[in-house]
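Peer 1: Next come the chains, spelled out residue by residue.
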Amino acid sequence: MSVNAGLAHVSTDFMIAALLIYSLALLAFAGDYAFGRPRRKAAAAPVAERAAQLAAVGAASAGAASAGTVSAGTVSGDAADAGPANPAGPVARPERPAGAFRAIKDAGPWVVAAASLSWLGILAHVVAVTTRGFAVHRAPWGDMYEFITALTCVAALFFGYILIKYRAWALGVFVMGAIVIALGLAETLIYTPAGPLVPALQSYWLSIHVTAMTLSSGIFFVAAVLGIMYLVTERYRKRVAAGKAEANPLLDRIPSASQLDKLTYRAVVFGFPIWTFGVMAGAIWADQAWGRYWGWDPVETWAFITWVIYAAYLHARATGGWRGVRAHYIQLLGFASLLTNIFVIQIFVTGLHSYAGVQ
Amino acid sequence: MTDVHAPTSKVESKTEAADLEGEATRAFGTGPAELAESGSGGTTGPSGTGAGWGRWAWRQLTSMRTALILLFLLALGSVPGSILPQEGADPASVTQYFTSHPTLAPWLNRLGLFNVFAAPWFAAIYLLLFASLIGCVVPRTFKLVGSARTPPPRAPRNLARLPQSVSYPSALTPGAAVDAAASVLGGQRFRLRRPAAGDSGQWVAAEKGYLREVGNLLFHLSLLGVLVSIALGGLFGYKADQLVVQGPANGFSDTAAALNEFHPGRLVTESDLAPFSLTLDNFTASYVDSGQNIGQPAAFNANVTYHASPGSPAKNYDIQVNHPLSVDSVKVYLIGHGYAPVFTVTGPDGAAYNEATPFIPANSNTMLSDGVVKAPSASLGFIGVFLPTAYLTTDGTLESIFPAANNPMVSLIGYSGNLGMNSDVPQSVYQLDTSQMTKISGSPHLMAPGQTWKLPGKLGSITYVGTEQWVSLEITHDPGQIPALVCGMLALAGLLLSFFVRRRRVFVRAEPGPGGVGSIVTVGGLTRTDASGGFEDEFATLAADIADVSAVDSAVDVSAADPNQPEPNNQSETGA
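Protein chains in written order, with the numbering used here: chain A, 1 to 359; chain B, 360 to 935.
Same shape as in the complex, but just chain B (with noise of 0.2 Å):
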């Protein structure tokens, strides 16, 4: 794979190839890339032998077109990731997904459709684009310092056949010429090469640019750089998700069993977590209060104190969603944010609850949220519903119409008996399993805070305290970010320069004027890879720049000397 902008068209190649002297175009712009091209495509065949074999893979997998071919399979294999559901970010509808298509999807699953990016069939498809990747860069990076040791070719005998060529008379001397040329040549950092012994006439050739195919490396390599960037995250790195509520008694530990949710890297032990501590002191979220964006957030600061590591000093933080904590080498993110209504339940038997328990939002535009209390030595249970601004509709329905917490209410509905939390299996703590229970009346019970449901029948009862608010944090290490960042830099400085610097070269030669008085000067030059464009005015400049040097004081009748100098395609004049 690889020279992303070698030789432009076929068509073109063809007619320079027709047109110029075999030596001015050696080697340039003939990477790899092209050699692969030619040598497979399938053309020829592997040899019987093993190594012959391996030979031919290796260069069918290194060839421009099976790159194509992978580049596309990746292309292809994305996007059943961003269609299905997926594990990495949402295993939530994952599920949903099973309980809905459920003939369907143990099929998809079987085929890592739910996990398309760490599946092995995508990995297959990255890793051997690598491997195609490294079997077209090595070599050409022995070809660019090869090419970098080597002098630019000859100047050909005929400049006028070059892509650009301009010629003119001056009344300096072949030699003359040639030498006030080179030294402008010199003077824009060109690779000269003037006649050795044994060359004939009076010529400079001279070559730059060399930068364009170091920029091309450079990106692909830097690709590379990028993978292993994000291998080193996957195996050093780790995620863990908390939720904590407001309060100097809610806070938590960073530590394995303290988190609500531990996505460790391959190689990442408990021990290798941040020993900081963090309380949430205050939360608060603004919104848009009027006009069409109604209801719309407008900010969200979570203020914490937070100790680096046991026994440091507390510091304070105000994270917002674009502005994360960083304590060492981790960083603490705001990813989500709810209300946590506070509630006493009283059983027969005294006090069995108290505590801010965390809603879990239904409607995010409206804040609307539902949550469970359970009080098991009450024998108590409710499933409920926290209104932030609760409305009473015209039909009867009650409404959240605002996601602030301006005229907040829970609805209730009660059950008692077993709660089945003695058994062995592990429950959410936002689901009530009613089974063994009976439900306690009949509708939804609707409190304002302060306010206390007394419970028909002597079960206790249950008072809704007030509200507080939790947040949702992430706390995420990941070694590969800086490297991950650095290659992905340099990959863009190498696509700038591969792009934007253009291998050319210029020739200047000098024949002997008419009677041998003065000289006709030709410049040629030609470039295989002007991507972005421009040689042309390059080339124009130039030739300006280095008439402005050589053709002083010009004595010569130009129109005798040369009566029709430039008929590029008529090839049997000039210069001869």
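Just chain A, with the same shape it has in the complex (with noise of 0.2 Å):
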């Protein structure tokens, strides 16, 4: 079938949109940091209620806590605001968690401004993607730009889930800009019309492969941000303690080391299963496609790797000695040869995963 030029156009130009609105997003997330609202000290860390439930002890009794309010208050700050009209006396009953757009709401018109944007933005770039799919009748992701693209987009849709999920908008500046770097290298640099699949991808495990690779990709993309997040503030947080830097109050919006710690590992948590299933997959259409499952192609070999090390990332978080810096090392030592495969071997090692369509 023929490619629908018209489509094409449509999706290039959300794409751009998308592109733009990510960037006002960004804009607007650190805008937040500049001038945003204060945290009140029990807000002061959002994602901390949320992610961290044993350092919660702590941080509840600074809240605005009543009797009847979960000690571990899933947003302290938020949960005074939504309880009951005499928020100093005790409640009668726990309450049941509360809402997250309140939360959103809460912290000041930066963050509606930034959160608005990146959904915005987000919806954008799905139509971009989708719009890409019917324009070439198939799954967009059959080369090079299209993975990015459609990676990006992941990696933009899971960030709008933790957002609202563990109100991670001190996330926004670091995960967007990212974000916003990736995709306007796609855009300029390997941008590539929309056209047929070779017969080899001609298969439903496209999709389905595919899919799942893009999938745990866009989101170890946001694990390795929230890594080098943690190594970054972790390195400077100790200097500040050991006196060798100054205090920035900056840092006191940065979720905790802690915090970040967690929400790495979960983002992790999430990914793995889906990379593990995306090379079951891949292994199954191989059979089809190249009459095995397994056969140490190069591309494979390195999925295999990427697996492996993450695989050592769980292990590390449960080993005496590596937890913490070493084992976000070793997270980013997994993206790194994640990325190693997308942007090395699939470009420049000849083997059967040779579709990228970069020239």
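Derived from the structure by calculation, the hints contain no laboratory data. Where is the CB? At the ideal position from N, CA and C, for every residue including glycine. A couple of the hints might just be wrong.
Unchecked claim - Pair by pair, the computed Cβ-Cβ distance ranges are:
{"id": "1", "chain 1": "B", "residue 1": "Ser506", "chain 2": "A", "residue 2": "Lys165", "range": "30 to 38 Å"}
{"id": "2", "chain 1": "A", "residue 1": "Thr192", "chain 2": "B", "residue 2": "Asn766", "range": "24 to 32 Å"}
{"id": "3", "chain 1": "A", "residue 1": "Ala242", "chain 2": "B", "residue 2": "Arg469", "range": "47 to 55 Å"}
{"id": "4", "chain 1": "A", "residue 1": "Lys105", "chain 2": "B", "residue 2": "Ala490", "range": "52 to 60 Å"}
{"id": "5", "chain 1": "B", "residue 1": "Gly534", "chain 2": "A", "residue 2": "Ala241", "range": "48 to 56 Å"}
{"id": "6", "chain 1": "B", "residue 1": "Arg469", "chain 2": "A", "residue 2": "Ala336", "range": "49 to 57 Å"}
{"id": "7", "chain 1": "A", "residue 1": "Ala336", "chain 2": "B", "residue 2": "His460", "range": "24 to 32 Å"}
With the hints as a guide, dock the two chains, each given alone in a separate frame, to form the complex.
Peer 2: In structure tokens, the structure reads:
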């Protein structure tokens, strides 16, 4: 079937729009850091209250904890607002967890703007990816450009999800920054016009395998950004604690190391089974297309290496002396091997997966 | 190895240990991984005896740290396999590597780097890793069975010190409030424990989420299953390659003698081959013929007729790239294609050759192909280039500009003399040994279909009759395939269980209210393995559910009862 040129143009336009809106969201996230409403002590680190349950034992005591407020406090600062008319007095009953949209509203206009722009950008991005798919009558991740745009779309969606679930707007500058850079590079450097697929890719396993790989890569992308944040802020905080650097008020806005650590872990825990499934789906497809389910093709080998390194990360978190900084280095090594696979192996090493379409 | 996510961080474990009363966390998430970890790690040396050394070595091997190092080695060891050409995937490139790196290549070969994934050192890494895995999984399985038999621990005295806790007044008596809470927890399939004779107070302890550990064990055992399945395929499977030219005369039977290449597993004999036969009726390749992707393949269809066994009825099938033919337990894949120009060679003594001659594509974009024609009885040989869409460029060179046979031409260089085919040294059908031959004419001779080249000096003639196509088929049999798939799916299921089920404990205690009226109910909860998060919300919802049934019609003045209730870090008060 031929390519629908009109739809392909629509896709390109929406992709540019998404890039612009993401950039605006990035500005709004930065604006929140610079001019945003100062966090109340209790809500100082919104992620904290959601992500770090054990730390919450202490955090909740700082909150307006009244009898009946769950001591781990979902969003302790906001729980007080959402609570009964007399927040100082005890409540009669435990409450069910409070809503997320209210939390965003309470975080101030910058966060509201940033979150809205993020979701608007995500919407444009999804439209762009979908129309590309309709334009070429297949799943829109057949070449490198499509893969990167789909991967960033997943990263943005996953961020949009943790933005709400974990109130993670403090991460916006970093995650959105990375997404804008990756998508911008894809647009400028490796843009490939829509085209049909070679016979080896004409399989519904393309949708299944590459969807899983794209999904997990997008999630690992977010995990990697969180990991870098962890390493940078952890180092800075140690320097501040040692008196080697001046305390920076911006640092208080970034979630604590243990919160970042936990979020990173959750992202990997989310991405790892999808990666595993993607590799398995790839094996099934390889059996259909090439006559064997595993043949140590360079790309297969690197998918395996990436899997092993992320497995090592998961184990490192349960091993004495390997938690924290070391585990994060392993996690970043895993993402590095993922990137190596996409940008080095698929392009420069000849193998069965050489479909990238990058000249 | 293995407790993928038991203690989430050192700091937390410490605070928990300090904060919690021992019993609530007893045997909770402490897998052998942690035991092994504290036991080994190189701090305690082996005792002098042989058994002591053995135990020490086993402890080292099964420690999480060793597993971690082995995982790294596995990843690192795989890298050369993706960078250097490998015997299994691309033997031609390995040969080429030897030619271009004459000093380095033998050394790499000695290290097994051209066949990494079959190298002894690579096998050593993964076998050690799996030994480490077994050493961890087996004791953990016993432990899981044990913990499934014992009831949850008693409720700690001070629930407010648990990571999650909430307290509220109730009009019910302590006993009734706890009964109500127990019914809620029981309804949500928690395992319950109530005070036994001799235990003081009114409480219920509840635990849930044993499937997490089940999933973890399932995952690791299934990986073992995948390894066994791969071994099964290596022992009992086989792989063969066959080039088939279009036409009923060019079919083949699946016998070792007939196959171009045959790679049997270690325990496969020739009689194990599936007895089918196959002919290629028609092969079509279609290409994108306009636009930016011009020349890109769009579809390959190999229409074949096959007999599952001698004497069984003929069947037709359209083999495509993602659409292999299954005959009994073997699959036949389309893995390559090319052109086979048909030549007739006539020597001084008459017809010497009349065959479709497979040419090997030298350029996959234009399908420009190389091949040779050997007519030993006429003492003639030709080295040829086939151009499916021949085009003479402005600078006079001949190119193929499209992969389909739109303007097919062959360009031949003729040789006469001894082809050297009588010697015992086997020759490749794609190479002509010209060492004892003389070149016939200076420049290559270009021919269109139907044209005949009369060779000078009464040597004879060659006619380019027309063009057939060939496909290269791969025939595989892998009995480990289905077991590997099943184990893979089980591993995934285990992974999901171990990540998304959390083992958690919830305790409810009720103390008599102030003045003996009603009660003060405290609900506490903890989890150590909340990989995907969300225990907080679950706890809050659960606490609300419990409150719905146990806090009915509270008549107690709460503020008087317990003015500063959940100050969890303040240890001197609450609930005493």
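Peer 1: Hint by hint, note whether the structure agrees.
Peer 2: Hints and how they fare:
1. Roughly 31 Å separates the CB atoms of Ser506 (chain B) and Lys165 (chain A), a value that falls within the hinted 30 to 38 Å.
2. Roughly 30 Å separates the CB atoms of Thr192 (chain A) and Asn766 (chain B), a value that falls within the hinted 24 to 32 Å.
3. Distance hint check for Ala242 (chain A) and Arg469 (chain B): the Cβ-Cβ separation is about 50 Å, which falls inside the suggested range of 47 to 55 Å.
4. A hinted range of 52 to 60 Å for the beta carbons of Lys105 (chain A) and Ala490 (chain B) is consistent with their spacing of about 56 Å.
5. Taken as a hint, the range 48 to 56 Å holds for the pair Gly534 (chain B) and Ala241 (chain A), whose Cβ atoms sit roughly 51 Å apart.
6. A hinted range of 49 to 57 Å for the beta carbons of Arg469 (chain B) and Ala336 (chain A) is inconsistent with their spacing of about 30 Å.
7. Checking the proposed 24 to 32 Å range against Ala336 (chain A) and His460 (chain B) shows it holds: the Cβ atoms sit about 28 Å from each other.
Of the hints listed earlier, the one the structure fails to meet is number 6.
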